[in-house]
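> Listed below, chain by chain, are the residues.
2 protein chains.
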Amino acid sequence: MSILVVGSVALDSVRTPFGTAKEALGGSATYFSVAASFFADVRVVAVVGEDFPEEHLSFLKSRSIDLEGLVRVPGRTFRWTGEYGFDLNDAKTLETQLNVFAAFQPEIPDAYRESDLVFLANIDPDLQREVLGQVRSPKLVAADTMNYWINGKPEALRETLKSVDILLINDAETRQLADEPNLVRAAQKVLGWGPTSLAIKRGEYGALMVRKGRWFAAPALPLDSVFDPTGAGDCFAGGFIGYLANTMNFEEANIRKAIVMGSVMASFNVEAFSLDRLRRLTYPEIEARYKVFKRLAHFEDL
Amino acid sequence: MSILVVGSVALDSVRTPFGTAKEALGGSATYFSVAASFFADVRVVAVVGEDFPEEHLSFLKSRSIDLEGLVRVPGRTFRWTGEYGFDLNDAKTLETQLNVFAAFQPEIPDAYRESDLVFLANIDPDLQREVLGQVRSPKLVAADTMNYWINGKPEALRETLKSVDILLINDAETRQLADEPNLVRAAQKVLGWGPTSLAIKRGEYGALMVRKGRWFAAPALPLDSVFDPTGAGDCFAGGFIGYLANTMNFEEANIRKAIVMGSVMASFNVEAFSLDRLRRLTYPEIEARYKVFKRLAHFEDL
Chain U
1 MSILVVGSVA
11 LDSVRTPFGT
21 AKEALGGSAT
31 YFSVAASFFA
41 DVRVVAVVGE
51 DFPEEHLSFL
61 KSRSIDLEGL
71 VRVPGRTFRW
81 TGEYGFDLND
91 AKTLETQLNV
101 FAAFQPEIPD
111 AYRESDLVFL
121 ANIDPDLQRE
131 VLGQVRSPKL
141 VAADTMNYWI
151 NGKPEALRET
161 LKSVDILLIN
171 DAETRQLADE
181 PNLVRAAQKV
191 LGWGPTSLAI
201 KRGEYGALMV
211 RKGRWFAAPA
221 LPLDSVFDPT
231 GAGDCFAGGF
241 IGYLANTMNF
251 EEANIRKAIV
261 MGSVMASFNV
271 EAFSLDRLRR
281 LTYPEIEARY
291 KVFKRLAHFE
301 DL
Chain V
1 MSILVVGSVA
11 LDSVRTPFGT
21 AKEALGGSAT
31 YFSVAASFFA
41 DVRVVAVVGE
51 DFPEEHLSFL
61 KSRSIDLEGL
71 VRVPGRTFRW
81 TGEYGFDLND
91 AKTLETQLNV
101 FAAFQPEIPD
111 AYRESDLVFL
121 ANIDPDLQRE
131 VLGQVRSPKL
141 VAADTMNYWI
151 NGKPEALRET
161 LKSVDILLIN
171 DAETRQLADE
181 PNLVRAAQKV
191 LGWGPTSLAI
201 KRGEYGALMV
211 RKGRWFAAPA
221 LPLDSVFDPT
231 GAGDCFAGGF
241 IGYLANTMNF
251 EEANIRKAIV
261 MGSVMASFNV
271 EAFSLDRLRR
281 LTYPEIEARY
291 KVFKRLAHFE
301 DL
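In the order they appear, the protein sequences are chains U and V.
If you're matching positions, the first sequence starts at 1 in UniProt numbering and goes up one per residue.
If you're matching positions, the second sequence starts at 1 in UniProt numbering and goes up one per residue.
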């Protein structure tokens, strides 16, 4: 089945304690698409500038990602520069150049209107809604957001949430969005605004999902070499939504498997800079790591 | 089977966003003993002052906790005053009065020398070793520690670790003890110093265990009402070591169940101030919550 994703395609410059990457392939739509491409057909709605390297487009095409909705316009590509400290938990943004992204008015190709699933990556909630309005009747809509929009455009975000089935968000953002320090009560409040499920990302602590009052806790894999956390959240989303698109089963048991698949894809992505680990990833490696997650979390009945 | 615990018995004054407790029953040995008493015989080595209320002793006795090693000496009982902010993650210590604890020289009663398991709660590592030397041949030794000893007495702590089977520690302390920011590498380093297992406490994010290169991730239960996190780590230890004493099976599968039992006991304890939730806790409630943890963490094979 097909997934439409709208988000950023960027050139990232990143410094971590383990090295640096300069103007490497990045962006939420990129990480999402590549992770999801292991499971389903992906269609990208995004914008790049004249300077965007052809080799990156070739790589995305090699993953069978549909780029009809990726427009190239005059100007420079969106750039992000950031660094991570020793614990690799929080990115410090050093510079954001919106460039061609500043005037981005997403218009989706006709062929994209029948997409089965939609992933609204972390962009302006007004743009998220604009894209969503152009898709005929998606079977599942998932969205990401961040503190920038929670603070800056709370009404627009609440409006978008009315049409979202699954919201992906981190725990601090959940508390912030609901203005409630207790995570359980915060989640309940957000679920009252539209989404039927919340997938709460907690970085090295894993993920929580809540749905119909039932919680699921997925672990994160303890890794002895985390090189670059950039894109982990979008790879999580890619594995998660990709697996749902592959199976088209939205029952709780299958959503739980999808959450773990998201964690699997995120765990690979942080092992190298940019998308370098996903470039050489194989499906048997994905299946093997899913089993590692199963062993990691398993305990017996009393 | 029997567990000997050495640690503090204290009077705690605590403020959280949900209320205050003044000179309430507290201390590491207290929380540990009460949690463990649901599973095994517990013997306490600790000290209190003349002012320690008789009602607290009656409560501990009502849990069948052996108090022969709890000495009462002239002076005032150890007191701790602390408060928690809105996220309830970190305690801020406002005052610590060691009082009778300052000159504590633990001497264990003859009847305690044959204890099967020993839990060295978070006290001076020299005292931990002194107590351990008085137990004939325990089948399992577990210990807790904290940043105060990691900074202040690193050699003494390393010496104690040589005799410890299971070290309970939080993730920041693991990194600090090993002087290594990556948790996996930090854990491997600490395991080279004596313990065969590390139980890494992560508060609201659950616990990790590592043993023979294999990791286990136990979730924490998302709770909608956390009133007072004081003692959660010691209740975790009490459920964990108590369950091991009850089953006397130190295979990995059983240790995993014990870790979850620790998480179960911690999840109850934070629901009320001091030991108030454990006072009215029943074993059927414990079994039911274990099942809740099982559902919380469960996902199927691919």
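Heads up, a few of these hints could be off.
Heads up, the list lumps identical chains together, so a pair's fine if it works in one copy or across two of them.
[As the list claims (entries may be wrong)] Below, simulated DSS-like cross-link-like pairs (lysine-lysine); rule was C-alpha separation at most 27 Å, straight line:
| # | residue 1 | residue 2 |
| --- | --- | --- |
| 1 | 294 | 189 |
| 2 | 92 | 294 |
| 3 | 189 | 162 |
| 4 | 212 | 162 |
| 5 | 294 | 212 |
I should point out that these hints are in silico values taken from the structure, not numbers from a laboratory.
> Each hint: holds or not?
Against the structure, the hints:
no., hint, verdict
1, 294 / 189, "between (31 Å within a copy, 25 Å between copies)"
2, 92 / 294, "neither (33 Å within a copy, 37 Å between copies)"
3, 189 / 162, "within (13 Å within a copy, 49 Å between copies)"
4, 212 / 162, "within (17 Å within a copy, 48 Å between copies)"
5, 294 / 212, "both (24 Å within a copy, 18 Å between copies)"
Of the hints listed earlier, the one the structure fails to meet is number 2.
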